[in-house]
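Participant: Spelled out, the chains give:
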Amino acid sequence: MMKVKPFWDNLVEIREIRIKLDEHGLGRREKKKLLKVAYQTFDIRIMEIILTHLPEEKKQNFLNTFSRKPHQAELMASLKEDIADIEEKISALAKEVKKEILDQLE
Amino acid sequence: MKKKDFKHLHQKVNKLQKKALKNLEEKHGQALRHLEKKGLSFPEIRKFSLSFLIGAGLTAAVLMALPEHLQPKVIAKQVQERVHLKFMAEEEIKKFMAEKVADLLPGAIGKITGADRDKICQLFERILKVDVCFNLEGKELNFSFGWIGYEQHLKRYPGDTLSQHDEEQVAGIAPGLGAWGYFAPSKEEMTEELYQMEKYYVAVQTMYLPEWYTQTKELSQWYKHRKVMVVNTETGQACVAVVADAGPASWTGKQFGGSPEVMKELDLHLGPRKGKVLLFFVDDPDNKVPLGPIRYN
Numbered sequence: 001m002m003k004v005k006p007f008w009d010n011l012v013e014i015r016e017i018r019i020k021l022d023e024h025g026l027g028r029r030e031k032k033k034l035l036k037v038a039y040q041t042f043d044i045r046i047m048e049i050i051l052t053h054l055p056e057e058k059k060q061n062f063l064n065t066f067s068r069k070p071h072q073a074e075l076m077a078s079l080k081e082d083i084a085d086i087e088e089k090i091s092a093l094a095k096e097v098k099k100e101i102l103d104q105l106e
Numbered sequence: 001m002k003k004k005d006f007k008h009l010h011q012k013v014n015k016l017q018k019k020a021l022k023n024l025e026e027k028h029g030q031a032l033r034h035l036e037k038k039g040l041s042f043p044e045i046r047k048f049s050l051s052f053l054i055g056a057g058l059t060a061a062v063l064m065a066l067p068e069h070l071q072p073k074v075i076a077k078q079v080q081e082r083v084h085l086k087f088m089a090e091e092e093i094k095k096f097m098a099e100k101v102a103d104l105l106p107g108a109i110g111k112i113t114g115a116d117r118d119k120i121c122q123l124f125e126r127i128l129k130v131d132v133c134f135n136l137e138g139k140e141l142n143f144s145f146g147w148i149g150y151e152q153h154l155k156r157y158p159g160d161t162l163s164q165h166d167e168e169q170v171a172g173i174a175p176g177l178g179a180w181g182y183f184a185p186s187k188e189e190m191t192e193e194l195y196q197m198e199k200y201y202v203a204v205q206t207m208y209l210p211e212w213y214t215q216t217k218e219l220s221q222w223y224k225h226r227k228v229m230v231v232n233t234e235t236g237q238a239c240v241a242v243v244a245d246a247g248p249a250s251w252t253g254k255q256f257g258g259s260p261e262v263m264k265e266l267d268l269h270l271g272p273r274k275g276k277v278l279l280f281f282v283d284d285p286d287n288k289v290p291l292g293p294i295r296y297n
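Protein chains in written order, with the working numbering: chain A, 1 to 106; chain B, 1 to 297.
Footprint (simulated), chain B over chain A, 3 or more residues, beta carbon under 8 Å:
| no. | stretch |
| --- | --- |
| 1 | 32 to 44 |
| 2 | 52 to 64 |
Listed next, the in silico DSS-like pairs over lysine-lysine satisfying Cα-Cα at most 25 Å (straight line):
| no. | chain 1 | residue 1 | chain 2 | residue 2 |
| --- | --- | --- | --- | --- |
| 3 | B | K22 | A | K5 |
| 4 | A | K33 | B | K7 |
| 5 | B | K7 | A | K36 |
Just so you know, these hints were derived from the structure itself, not from any lab.
We put the beta carbon where it would ideally sit given N, CA and C, even for glycine.
Bound conformation, chain B alone (with noise of 0.2 Å):
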């Protein structure tokens, strides 16, 4: 589905509850205010706020000191495990990760799903308040846990050399581009964005989409420098990146590669060269998450 198509259902629907909010107000204006004056508002009445009690530092006696009804099991456990990780060094967290998504990891790779795909999501979102999913704007990748390997550097601009990148030189150059070319038609149209886009780059397999051969166009734009988290499932090590190249071929037996930066930041750069990841898609629209490694801390 377009974005504009949920545009275009997200103005319905609105236009619906407006039209009954209105109507609320008009009949019982009154009983509006008296429920505003005890602090609950219309239309947002599923949400309680307890902000004044995270931002004050809970304690996990305060928690359970709170009233029962204050203490929806799985609000409950958010907080503990806010609280929790609060006392925890970042190495402590990445592992406490690693096996949280160990228990909701399919056991063979390929698309994450049912519930275990929000469960997945939901939890990096809670701990690195990082919007991420599997499926965004109608689009997904045929995989979402998989392998991922090391490729080279991708050349930036037309005369680009390895000498010219500041890391990782011990990666190589590709002798090809990305499949979406150079970064900059030259080295003096390089912005700082640019560089750090190959500086973490990952190269995902587009070309397998089944709709990719007629839908090209649409999709090569959507996917171009499209943002992703990329997480190491063995150590909980998140980074950053986009999608500037497609591939690998199915026959390597790898579903992601990785640029050599995004590769030392998820520890799998040495011997093999290659791991388990999950590949989210990040919702950012606003180009607020920078790219590269997460820390926890």
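Here chain A stands alone, though its shape is the one from the complex (with noise of 0.2 Å):
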């Protein structure tokens, strides 16, 4: 397997998970560990805002565009002629997620 990031990976920041994570004195396989099911908690929600967003007609060509090619930056061009706003409401929905993930790493 190799490791690919979404389109949408340089709008999930995730320095301040790390920091908690380190607070905690977790060894590098943990941390490595709960920062995937972080990513993944992103991934499912940003996925979830853009198909709730994406005219039912774009779905199909999207959905293709993204199952070869899950990291192609085209991806974010062609949803804001379709979505307004969509970076920033990906950004604003990273932020709120981030501070869930941090609420549960209290």
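Given two chains presented individually in distinct reference frames, assemble the corresponding complex, making use of the accompanying hints.
Facilitator: Structure representation (structure tokens):
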């Protein structure tokens, strides 16, 4: 398996989560496991917001491209044409999800 | 942090993830099934399968032919490394590893810090397929890079003598017991696993851990027979062992001790009988990694 970052990855900022995990004195492997679940939570929630706002007739094309090239920056450019302020929506959601994760890590 | 605390945190974050996934399935199940048919499944979207290529024996030419989007730099480097290693003899791989590690090591002995500690662990994980780390379950030694010295055999059970040890009798046997006492209460209760533990043991400086005197019982239990991997940084030779003694004293200038067999496998059993090594914890909860030398091929 090779790792691929989805095209929204630059809008997800997890520095505070890393700091919180460091504060807990977790080992590298444990931090890695928790960060993996954290990233998955971001990905699920972001995909939900995209699918919720994307017009029905645009979905199949988006999903086809995403399944082949989930990292492709052009996907964001395409979404911007179909969903107003999608970048801002994702950024705001990512902050919200980060807060929820940090609350769980208290 | 105690392991149960990690589990507790993991459960909490996992619950959040599961809730989000359930919500996504309820609202957009059709879209998820469409993606699954195309080979992309939530929540594992950050993984792309390349196994069919690697399993088929990738060549550099095939790798170069991959479309650019399938060649993230780090992954391409890993695959190239495998391709490269496939055609190398064990001695060449050891040299290759020693050179790679040398680039990442600090000038002086001590803890490995910063980004290099992860790079070093990942390098060994990739090549040796052993999960190693310098900090496991919040526990970390004062030194992860230091000098190892030659130790004697340890008494495994009451009445054990040097002549009963089958190898490296030239090392002699320590007059006292290891920090954790005998390996078994009697010769009859010795098992093959315990024989291997004495054969491949290390001594680490638990007594100098800052929290040793406030958490002695917990730390003593944790370190007893803890599995580690020792790597000779000059030659790349590696050996898996367990912690079975405390030491050496700081005045010796050494930070670790190795059993006669460990030192032999690291090629440090002759001459000054010491050398610079990396010492990792092995994350092996199912006890699948055997003790002894690691063969690169």
